[in-house]
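Those protein sequence lines, which keep their order, are chains A and B. Residue 895 in the numbering used here is what sits at position 279 of the first sequence, and the numbering runs on without skipping anything. Residue 638 in the numbering used here is what sits at position 22 of the second sequence, and the numbering runs on without skipping anything.
Rather than coming from a laboratory, the hints here were simulated on the basis of the structure. A couple of the hints might just be wrong.
Identical copies carry no separate label here, and so any pair may be met within one copy or between two of them.
To be verified - Keeping only pairs whose Cα atoms sit at most 27 Å apart, straight-line, the calculated DSSO-like set for lysine-lysine is:
| hint | residue 1 | residue 2 |
| --- | --- | --- |
| 1 | LYS669 | LYS1031 |
| 2 | LYS976 | LYS645 |
| 3 | LYS990 | LYS1007 |
| 4 | LYS943 | LYS830 |
| 5 | LYS814 | LYS1031 |
| 6 | LYS1003 | LYS943 |
| 7 | LYS866 | LYS635 |
| 8 | LYS990 | LYS866 |
| 9 | LYS1030 | LYS825 |
| 10 | LYS976 | LYS649 |
Below are the chains, spelled out letter by letter.
Protein chains: 2
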Amino acid sequence: MVYVSKIRLKVTKKMNKEKFELMKSLVQKNDAKILFFVMDGLGGLPHPDFEDKTELEIAKHPNLDRLIKKGICGLTDPVFPGITPGSGPAHLSLFGYNPMEHQIGRGLLDTLGIDFDFTQNDMAARGNFATIDENGIITDRRAGRISTQKNEEICKLLSNIKISGVEIFLKTVKEHRFSVIFRSPSLNDEIEDTDPQKEGLKPLPAIAKTEKAKSAAELVNKFIAEAEKILKNHYPVNSLLLRGFSKMIKLEKYQEVFQLNPASIAVYPMYRGLTKLLGMNVLDAGQSIKDEFDCLKKNYSNYDYFFMHIKKTDTYGEDGNFEEKVKIIEEFDEQFERVFALNPDVIVITGDHSTPALMKGHSWHSVPSIIYSKVCRHDSVETFNEKECLKGGIGRISAQYLMSLAMANAGKLKKFGA
Amino acid sequence: MVYVSKIRLKVTKKMNKEKFELMKSLVQKNDAKILFFVMDGLGGLPHPDFEDKTELEIAKHPNLDRLIKKGICGLTDPVFPGITPGSGPAHLSLFGYNPMEHQIGRGLLDTLGIDFDFTQNDMAARGNFATIDENGIITDRRAGRISTQKNEEICKLLSNIKISGVEIFLKTVKEHRFSVIFRSPSLNDEIEDTDPQKEGLKPLPAIAKTEKAKSAAELVNKFIAEAEKILKNHYPVNSLLLRGFSKMIKLEKYQEVFQLNPASIAVYPMYRGLTKLLGMNVLDAGQSIKDEFDCLKKNYSNYDYFFMHIKKTDTYGEDGNFEEKVKIIEEFDEQFERVFALNPDVIVITGDHSTPALMKGHSWHSVPSIIYSKVCRHDSVETFNEKECLKGGIGRISAQYLMSLAMANAGKLKKFGA
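Chain A with its partners taken away, still in its complex shape (with noise of 0.2 Å):
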């Protein structure tokens, strides 16, 4: 599996870098506004119990019906036909960037919610607080899940560990969850999780899985050493579990590539942390649907690139709960209404990957997707569900041209060649 990734690092690079560099080469700035929409795992599939139809069926949707009666719709591949993605491809390939070259970490993702400001010398892991007896085994997994404060006190002890050549940073995520952010030039992250994910066991050494990350693993258990010293008084905190070490990934800011001004506004955190990766200046979304639109409101002038991410749509989605993310596809569409107002010059409106309820988790099916700007060519496509994006004017393309057609939408891609 390393080995997979690392031929398929090399390679995507040089695919990648055709198109995407070419694309580069033509951006030119105006003042023209994208607002990019992102309902997590929108699609879905025909349910039985709901007379055959898909969630976008059922659910109401004047606004966005609306839309597309000027707009072009179509279904959009997150990677490629087959492939189920995590969030993190599924988002990159709708940022623009090939999904199969920048790969993000578990660790890193899972750190990307905290607010902390990554550079590519970051190696993450998320880490638990836990109990060990006194052999060494591990009792609880979670410390009692003690409170955030006092994980935040612990946090702060620990930061104090000094490993000469490295800075370490603690950052508090939850009751008994942290991060842990290792910076030293050249960590390499494929390093075994230390975690055992079991209680009744002792945690595990960092275990190097390559020759290049030998020096990585040594300095995560001289950590993890330092720090049972440490938390030796802090019953029943007095171990830690690390898993998912993962470096930092080099991801080209929306400025440079796309010359944007660009702005997220994303309830979850961990799509505060992508986007900030990006570049983007992350918005206080609050917490409702209607917050996140408040904000689009509120900060209208001051960008021209708006991504806004709708989390629920895909955790009911996963729950298997098709009525309430029908609620959710309704409710988005009730605040989109206020967007006609704003009068922007390209709207897309996609999700990251399929979520049927029917299948309570992430699926492959390709994702209903809507353009729309003055120049779309608009299609006849006239409601907005999978079926009728079939005979949309998009047809079935990759997520990743969602970026390169907005920015043509938009007047923002010069003529390729004379």
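Keeping the supplied structure of chain A fixed, place chain B upon it in accordance with the hints.
Chain B only, in chain A's frame:
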């Protein structure tokens, strides 16, 4: 041209690796069964003598239409739009491999049909036994179409030829036709045919097209010289003509790539040979379409992937016999009814390419295709033909994705990324 195709090869190798390796890294084994039906040359063109309809539009196929009520349709490109493929590339694509990366030489393709266990060190060529006169001029390229029995006797004799550093195998095909396989490490197959394809000329020497192929060409010439000595007293057979020198291609087996236990049901020898290369268990398919479905039923419980190949749709297409091609489709449909009782998890029905009776040959036209599973997101297509497939949920994709989609629908692909 050679230069160009070499560039293309390099590039596509990379392109392919990327997606192929990603898919491979996501494969997980389960008990789901995939049935993969290929009607060779399935796609057609509207025919003026038949109400300006295609073979599929004229044919009655109630069972396929019953399947698509719960299935999803679309059009597939064997290579890319505009490319008319031979059977080799067309099938490699259906099997999920990049047809531009793995190119099967003519000699190999023709030799695949014989019952022979190829190794990576083998170079195959197709041969004719021929008659030459005292001046070495070819008087009969087929040596009077000698009996297959006579052919076998001669192959036996020639199998005694010993050349150091190489094993030589002669295999009777039929009448005057045979295959020769040279087994030795590092043979290079860039060798000109020795068959001038005309009578009244002398057989040509085997000429190396490249420096690398020199030693292989010498080997072939040595073999021919030895053979002609032996054939002195076997008039009308006193010479042999070789063409289509081709090395064995390296293809990862289905077991490795897809972790499947695959079986192949094909009447036509070439497809038995090709699927054997991929590690498929080649079953006794009998002679008729009914035999093939009997074979499927008999072996259904023993494998989790079945490839079934129907040859005659292509044969009649190439003959320009519209009505007979229609009948084969109807015969397939009639037998297909038996599949419903087996209740497989995933069904794919497609063609390797189009062979419109109107054109009497393979064509570049995209191929009508069906995927069925309980989670395929079925579309509103109601009958199976080229026009209706345009409205289908698969859209227009590369035929290579039929396999990744089949695997996804079978629950055999894990999620990519966090």
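Would you pick out the hints that fail for this structure and give their numbers low to high? Numbers 4, 8, in rising order.
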